[in-house]
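S.K.: Based on these hints, arrange chain B on the given structure of chain E.
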Amino acid sequence: MRICIIGFGSVGQGVAQVFNMKRDRIKQDYDLDLQLVAVADSKGAVISEEGINPALLLETKQNTGRVSDYPEYGVNGVTGMDLLDTVEYDCLVEVTPTNICDGEPARSHMLKAMNTGRNVVTSNKGPLALGFTELRDTAQDNNVMFKYEASVGGAMPIINFAQETLSGCEIESIYGILNGTTNYILSRMAKEGSSYNQTLNEAQEMNIAETNPTQDVEGEDAACKVVILANSIMNMNVTYNDVMVKGISQITPESIQLAKKEGYLIKLIGEVSHDSLEVSPRLVNEGSPFAVEGTLNVATLKTDLADDVTVVGKGAGSIETASAILSDIISISKSMI
Amino acid sequence: MRLKLVLELLDVPGQLLDALNPIGRLGANIVAVIHQRDVKTERGTIPVQITIEGDEETLNKVLKMLETKGIQIIQVDGILRKEKITTILIGNIIDQDVKDTVNILNQLDGVRVADLDLKMSDHPEHSASKIIIEADYGRKKLVTSKIKEIGSNKGFLVINEV
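Protein chains in written order, with my numbering: chain E, 1 to 337; chain B, 1 to 162.
Extracted from the complex, chain E is given alone in its bound form (with noise of 0.2 Å):
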């Protein structure tokens, strides 16, 4: 399968590294042969038909800061919307950062994809969030695959997991933490006694938190992926500004110390239900699925069939978003077939 990665930050170059790792062991699993085509950053691109070197890459990335000093096939100033028009692929990674604002230029790239007849495989909530419907429906009108696992509580599966794992349930509700950067603050306030702002610094030293944390504390990362389940689970048709959303920057140490003492926690708690699309602040009983620390992500789902169904994993890291967009490749190569 001839691949094309749009975007080359964290989540970009894990997908190159797990490429390089799974290469091998995919072509005798799956019979697959995951060829990386063109790769754009936000500075130019590199392309070759006969398949660049992941390993290559990620050094030339790591030692200039732009792919397009690849060897011998690097272009300077190529854009994505370019690169779709010049090269053979067959599966799109849309992977450039997220825009809450208007979803660009991730949509575009996703809608050419599309409508040129390629499967797309994205991480990226901002075009998710706001236009799920027009990507789905393009998808669907043009006969391909959309993918998007990552796009939700980076490797913990949830939307394969609901629409195939549980594709005979009927899902009710669903609530989870969907923000590590969150958890891991309200963790350690919860631990510590700290402050919020000097849990945030702390949890921006070590880099958990970004220089400017807004879409994570405020909670409108979490609400992105509120729509997204909403959407692409309970087959609602909603966005962004559906979502009532309260992050986390208010919270107290004196209001935890108060949970505490009636055997609560305080969690940033994404809800979706037919009911009420919301994030905010919850308490959460000690002993519950939700208590879980760090930067882990939780989400239970209510199903008619098999009551409540929980899963846990890593919510970001480059690798453990990879991992998502790699088994959505792996199962449209299975899908074509």
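It is worth saying that the hints were derived from the structure and are not from the lab.
Since the structure is predicted, the reported quantities are computational estimates derived from the model, not experimental observations.
No residue lacks a Cβ here, since even glycine has one placed at the ideal position from N, Cα and C.
Just so you know, not all the hints are guaranteed correct.
Quick list of in silico lysine-lysine cross-link-like pairs, BS3-like style, CA-CA up to 30 Å [claimed, not checked]: (1) E:246 to B:140; (2) B:148 to E:302; (3) E:246 to E:302; (4) E:261 to B:40; (5) B:141 to E:261.
Distance ranges between label pairs, derived from CB positions [said to hold, decoys possible]: (6) B:4 to E:212: 55 to 65 Å; (7) B:12 to E:207: 57 to 67 Å; (8) E:55 to B:152: 51 to 61 Å.
M.R.: This is chain B only, laid out in the frame that chain E set:
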């Protein structure tokens, strides 16, 4: 017919007798009483299990009598009559008059604020209060949405249960 009740009594001498005496007078048989004084709820009250026997009319009279005497019936035949709802509010509790919040909740039918705990912060606008509410079974949704409404009116961050 038989009815198994769980009552919540204050840990004060005479309470149990006060609850049991009128049951007999109304014509119901008391089949069993399980009273463990060392098992207390967090409010210091004692749950007492009693099993009574009688015709439907008599048993209904008993339930009404207990309610008018202000005795809390927590369970009837294993079905919870009351549920506990915990919420935490963060904001300027003093300025926004916490008593008023409690009053609004107490005015809801079948809802009673059972416990209140405050923790002042160095920044008064970020003080926290924990409210424990007892509500008739099935009223949880109403109570949590009322709390949300209070929160948005008074500028509190509301932390409800999942």
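S.K.: Are any of the numbered hints broken by this structure? If so, which, sorted upward?
M.R.: Violated hints: none at all, because every hint is consistent with the structure.
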